[in-house]
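Quick note: the sequence shown uses the working numbering, first residue 1, plus one each step.
I should point out that these hints are in silico values taken from the structure, not numbers from a laboratory. It is possible that part of the hints are untrue.
Computed Cβ-Cβ distance ranges for the label pairs, DEER-style [unchecked claim]:
no.	residue 1	residue 2	range
1	56	89	25 to 35 Å
2	52	90	54 to 64 Å
3	12	40	15 to 25 Å
C-beta: ideal position from N, C-alpha, C; glycine also.
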Amino acid sequence: MTSTTTPAATHPRLSLSYTSPSHASFFVAIDLVAPPTEDSAPDRSRYLHELRCAVVAAQARVNQELTPRMDEDKARAATSATDEEEKAEEEKAEENYGEQGAVEAEG
Numbered sequence: 001m002t003s004t005t006t007p008a009a010t011h012p013r014l015s016l017s018y019t020s021p022s023h024a025s026f027f028v029a030i031d032l033v034a035p036p037t038e039d040s041a042p043d044r045s046r047y048l049h050e051l052r053c054a055v056v057a058a059q060a061r062v063n064q065e066l067t068p069r070m071d072e073d074k075a076r077a078a079t080s081a082t083d084e085e086e087k088a089e090e091e092k093a094e095e096n097y098g099e100q101g102a103v104e105a106e107g
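Sequences are here, hints too, so could you generate the full structure?
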């Protein structure tokens with residue numbers, strides 16, 4: 001008796017991958033039902049509904065993964081901007097050091 005299995009490559013699948021130099025990568029794969037072989041409206045509607053549900057699920061997973069990463073990036077950028085502003089203020093204060101006393105002495 002011979003057993004026949006369908007290779008995974010022929011099974012329809014919605015998949016996506018995310019890579020970033022500064023964050024961990026992730027991969028999403030959702031198995032789909034096979035498209036209808038007959039051209040009936042109810043079968044097509046069911047298939048398209050299931051496909052849409054898979055896309056919504058994939059988008060939810062992407063949002064779940066990327067939202068915290070975007071928040072981390074924003075916090076890092078805000079900290080960096082604050083540090084740069086503080087450095088600029090310190091440099092300006094150093095440049096102007098002693099000038100206020102000189103102006104008051106002249107006046």
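Do the hints match the structure? See the list:
no. : hint                   : result
1   : 56 with 89: 25 to 35 Å : 48 Å, violated
2   : 52 with 90: 54 to 64 Å : 56 Å, holds
3   : 12 with 40: 15 to 25 Å : 18 Å, holds
Going down the numbered hints, you'll see the structure goes against just number 1.
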